[in-house]
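K.L.:
Protein sequences appear in the order of chains A and H.
Here the first sequence is numbered in our numbering, starting from -13 and rising by one per residue.
Here the second sequence is numbered in our numbering, starting from 15 and rising by one per residue.
Worth flagging that the hints you see were computed from the coordinates, not collected in a lab.
Only a predicted model underlies this, so the values are computations on that prediction, with no experimental measurement involved.
Some clues are possibly wrong.
Unchecked claim - Listed below are several chain H residues computed to face chain A (Cβ distance under 10 Å; list not exhaustive):
1. Arg286
2. Val328
3. Asp397
4. Pro398
To be verified - Per the computed footprint, the stretches of chain A lying under chain H, defined by three or more beta-carbons under 8 Å from a beta-carbon of chain H, are:
5. 52 to 64
6. 87 to 96
7. 117 to 123
Said to hold, decoys possible - Among the chain H residues that face chain A by a calculated CB cut under 8 Å, a handful are:
8. Asn183
9. Ala185
10. Leu272
11. Arg392
12. Lys399
13. Ala406
14. Arg411
15. Val413
From the three backbone atoms N, C-alpha and C, an ideal C-beta is built for every residue, glycine too.
The residues making up each chain are set out below.
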Amino acid sequence: MAEAVAGGLAHRAQRSLLSRVMLGVLSLLMVGGCVVTLAAFVYGRTAAQQAYDRLLVGAARDIAESIDIIDGAPVADIPVSTFGLLALSLDDRISYAVRGPDGTLLTGYADAHPPASGPVPGRDPIYFDARMQGEGARYVTIVRRFSERDYSGRVSITVGQTLRARNAMALDITRGALLVTGLGGLALILGAFLVIRSAMRPLERLAEQLLARDPYDLTPMPEDGPAEVAVTVHALNRFMARLDRQVGAMKHLISDTAHQLRTPVAAIRAQAELALEDDADHLPHRLERLLRRTRSLGSLLDQMLSRALVIHRTDNAPPEAVDLRDVALLVLEQRDHEVLAPGIEVELVIGEAAVLVLADEISLCEAVKNMLGNALRHGAAPVRIGVTAGAATAEIWVEDAGDGPPEDLLTRIGGRFERAAASRGNSAGLGLSIVRAVAEAFGGTLRMGRGEAGFRVTLALPEHSAAPSQGTPT
Amino acid sequence: MTPSAKHRPRSGGRQSGGSQSGARALRRAVGRGLRAVARPFLSVVSSPAPLRVPGPVSCPVPRLLPLTMVLAALVAPTGPARAQEAVAQYVGGGAAPLRPLLVRSTTDIAILAPALEAFVARTPGISLRYEQWGSNALYDISLAGCEGQTGAADVVFSSGVHQMVDLVNRACASPYASPVTEALPAARRWRNELWGITHEPAVIIYNTALVPAADAPRTRFGLLDLMRRPSSPYRGKIATYDIETSGLGYLFAFMDSLEATTFGGLLEGFARTEAIATCCSNEIIEGVAEGRYLIAYNVLGSYVASGHGPNIGVIQPEDYTFFLSRALMIPKGAAQKDAAAALLEFLLSPDGQAILAQNSLVQRLDGDVSSLSESAQRPIAIDPKLLVAMDAHRRQRFVTQWRATFGTSP
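Sequences and hints are given; from them, build the entire structure.
P.N.:
Printed below as a string of structure tokens:
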């Protein structure tokens, strides 16, 4: 049921993405279509204008050619072909006038006039728009000059025609362009739909895969498909890995806790029973042992919490630049060692330059605290804590003057669960396991070994070189 | 049924020198003349009692009694300054509108009457007033009507196709379109404002009794040869339209001048044989029937067929024959455009065309006597090219040339 709802949601979400993209494509196409329509209309008008203007001026020139001077007066002998030319625009009315120098009408229609204003007609034809009996019309005026013995002057020829054929042609061109554009648009829409749908398919597949998964299956998914989807899958895989680690850590913590608490709690119970049954004079001794066991249990709980904290933080807190010297100082300033081992002096060995690593400060502090705690508990004085910058690594270490644990223990030490330590009621193994976890979380290593001054535990991390080296020591 | 009067301005003889001023006077006088003539008709129409024939009560669409009333033989007493040549009135059944549909036409009432009667018969509630005009006068009155100087007719129907094209070009017509009009070929309509209704040949006619069969010219070349004979018996016996008084005659002559080089020869022949230029179809045809003329050139075939004497031979010239399509337009100022469109629809409908064909106004290609080849048939297309014929300078040149032929110089 829940899955069905989730599936419905996923389906709806995907469809809405498709429809949104389609909407975008459609509106783009509509804007484009409007622009194309406008352009086609303008183009159609211009083309029709030019084509029919040529007919008009051709007719005017025909008339001009046909004018002769007869008995001192210009007389036109308009050829039929002139009107044949104009009749090419089938349904348009025609107006024409041949006028003398003073504007008197020689032949033609009285309502055809040369342009009243504007340039005086010269060699070039003058086109203009005017009305012809209430209908829009296009006119052209040309001038023919006569220099004859018995006649000299300018004769203007004005020819006009209504606009039906022009408008029809403009409309025709526009319609043709629109048809082609419309068909192209339809093809584009169809293509866009198919492309978008196929582009959405990996997402759909991803959703199907996720839905089909076992709820406890946190193994990574195959990172194939297009880059965008691969990125998503990669992020998803990382998320699942983190989840997996956390769940694992949680499981471990619970089982460790159960394991590690069983023995000390059993011991405490035994001591308490003994204290009840034993003689009264043994009571202080029993209570003292009970107290020691309880204290040891408290320290174990601290360790376990610390480890849980470290595991939590290393997975969740983003690593940032940390100066290892600050970590050493912080650990010393908390003065936990004075509780653990009063009277033992801890020596701080740090340099002038900042030693930077990319890590989480709190996790590092926990790790170093555990290192120091181990040295104080198990090592011999004097104890030193120091920071060293290596070639490519930054190291923080704790050293004591003792010999360290036995060789066979060294190989096992630092594991998650160390029964020997737990059975003794202390928590050295657990502490080192925290250090190791921190080291691994930030790409570093845990090193243990005997030096000339004693036993040294080193946490080495890759140095963060991008940060400025002149940090101020605190 | 026949118009009771015909105008015969000049029968025979040459044109008098006063003809030009007469033509001018015609245009000036049209407005006055029309008003003067129209008034008596209006008074008749406005008293409709004698015209109406009430139908039987039982029959809602009364059987029509077409009253073809030739009301008048009113002709201006002298010269060409006249208005309509004749008037007829048709009243249909049902409630006739107060104002009848006014049709002005150049067509003789006699040959158009059957079509008009059929139209009135099948259109309830219509009455129709038909005025027969000369083509030039009709052009002038229509132009005056277009410019608002006189009342406009509801339908103008003229054989002066070039004049009709000019009227449409002057935005004097109102558009109308229907499947019937759009089925017309492109050469028979323009702008959906002008439609070619008829299909009539321009023919040569001769008196079969007086012209030997061997002489009858089958082509213009034959006519030319006939006219070139020395001491021809045809001297003074060949007639054609006077292009100055007849718009149709001018159109035919003008088209002849464009069509072939024979036109120059014809003019020369007309001059040599002292041919007669006269005004009207009926005058020419009667002249041929009576033997006053032997041969007449460029006569509308439809008039010939309409009941003149049996001794008239008709020839469609085999070199080329013009076919005229009389043009109809509905004026811009028409009061009854719907009724006018109905008349147009009827005339173009198969029934209307069949009636026109019976009266020779539409010559069907099939079953006709003519054996004209396809290329010899030259329909006069209704298009703006005809405007050239209306050009003042062009007309002036043409008329000058014509006058020189017929011996009257201005």
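K.L.:
Which of the numbered hints are not met once you compare them with the structure shown?
P.N.:
Going through the list in order, the structure violates hints 1, 2, 11, 15 and respects the others.
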